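Here is how the chains run, residue by residue.
2 protein chains.
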Amino acid sequence: MDKTERMTASNCLYRGRILNLRVDEVALPSGVQAKREIVEHRDASAVLAVDAYGLLLFVSQYRYAAGKELLEIPAGLVEDGENPADTAVRELQEECGYKPGKLEKIASFYCSPGFSTEKLHVYFASELVKSKLPEDEDELIETLRLSPAEAEEKITNGEIADAKTIAAIYWYRRQQFDNGI
Amino acid sequence: MDKTERMTASNCLYRGRILNLRVDEVALPSGVQAKREIVEHRDASAVLAVDAYGLLLFVSQYRYAAGKELLEIPAGLVEDGENPADTAVRELQEECGYKPGKLEKIASFYCSPGFSTEKLHVYFASELVKSKLPEDEDELIETLRLSPAEAEEKITNGEIADAKTIAAIYWYRRQQFDNGI
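Residue numbers (this note's numbering), protein chains in the order written: chain Y, 2 to 182; chain B, 2 to 182.
Isolated chain Y, as found in the complex (with noise of 0.2 Å):
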């Protein structure tokens, strides 16, 4: 069956600074018109951390978005040029102190495919060492380590709610069922 819906006209109604509006409209396969409201947003990177002592690393910054803290896994956009494995070790090193000495792909995914174009990419960082890059400068960060199954706890009580977050601590939960832990 083809779903393809092909572009007939954009608009752009604004250019930001993390993110672009545009409302197009589409052509259904069936001729049938509808409009589409896209976020334009840079692609980004997370890390799930693990260190010498089995503890995830976590941390807690304000979202205004969501109008409070939350506690996530290092974060950030993939800048110009960058791979998003780099992108993945330099929000480690500026969020956390720390380096990995491997560094394995979990997944890729969209973050909300019904309006924004964002891509995540999350990778699972072991064998740390220490090494800091500076901070944003507007970014007010504390860090955080949580055993996997406080940080499981966390999901279940609401205190973890953010997406990346949670689809990283279960893909670490699965591996260590598997691995017999």
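Watch out, some of these pointers could steer you wrong.
If several chains are the same, the list does not tell them apart, and a pair holds so long as it fits within one copy or across any two.
Said to hold, decoys possible - In silico lysine to aspartate or glutamate, DMTMM-like type, Cα no more than 25 Å apart, as pairs:
| no. | residue 1 | residue 2 |
| --- | --- | --- |
| 1 | Lys69 | Glu136 |
| 2 | Lys69 | Glu26 |
| 3 | Lys120 | Asp3 |
| 4 | Lys120 | Glu70 |
| 5 | Lys4 | Asp137 |
| 6 | Lys69 | Glu160 |
| 7 | Lys4 | Glu95 |
| 8 | Lys106 | Glu153 |
| 9 | Lys103 | Glu128 |
| 10 | Lys36 | Asp81 |
Treat the hints as calculated values from the structure; they're not laboratory data.
As the structure is a prediction and not an experimental result, all values here were calculated from the model.
Guided by the hints, dock chain B onto chain Y, whose structure is given.
Okay, now just chain B, sitting in the frame of chain Y:
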């Protein structure tokens, strides 16, 4: 550490069908002013459903923001006055033609907390019985079933590339291992 960002000015730039765009001026705890580009988006519900054979239900639909078809768990916007659990049940009936005998909450999370207010509520549905509701007119959807192992393989090879779907699959795999399956 107080990280709260306080709004000092708010400017709505667009009011649309599924989203609004707002650019706010905020004061950081240090007193420094910053700009926040915020997409206001209605909350949504999604549902991971397992049938009597242990297969998981997916829908394939064209996602214009991604420029391709994506394989996702059934999902949709929470309507005015609707309970998110009822949204999950309604979407499963509309998109797959089943009603769950049992519905369990997996998690609630922000999809893109860097700019979007959208919160997604994810449920697990089992003990399915046939019960079809008509689909939205402009939704072209194909349904399919995958074993949990097939679903996981499609994350690894990139065929499943949607945040909520990946979080739900790894949640399910982790439960399976916990239950010794």
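Right, here's what the structure says about each hint:
no. : hint            : result
1   : Lys69 x Glu136  : within (21 Å within a copy, 36 Å between copies)
2   : Lys69 x Glu26   : between (35 Å within a copy, 16 Å between copies)
3   : Lys120 x Asp3   : within (24 Å within a copy, 30 Å between copies)
4   : Lys120 x Glu70  : both (23 Å within a copy, 14 Å between copies)
5   : Lys4 x Asp137   : between (42 Å within a copy, 15 Å between copies)
6   : Lys69 x Glu160  : within (11 Å within a copy, 34 Å between copies)
7   : Lys4 x Glu95    : between (42 Å within a copy, 18 Å between copies)
8   : Lys106 x Glu153 : both (21 Å within a copy, 14 Å between copies)
9   : Lys103 x Glu128 : within (6 Å within a copy, 42 Å between copies)
10  : Lys36 x Asp81   : between (30 Å within a copy, 21 Å between copies)
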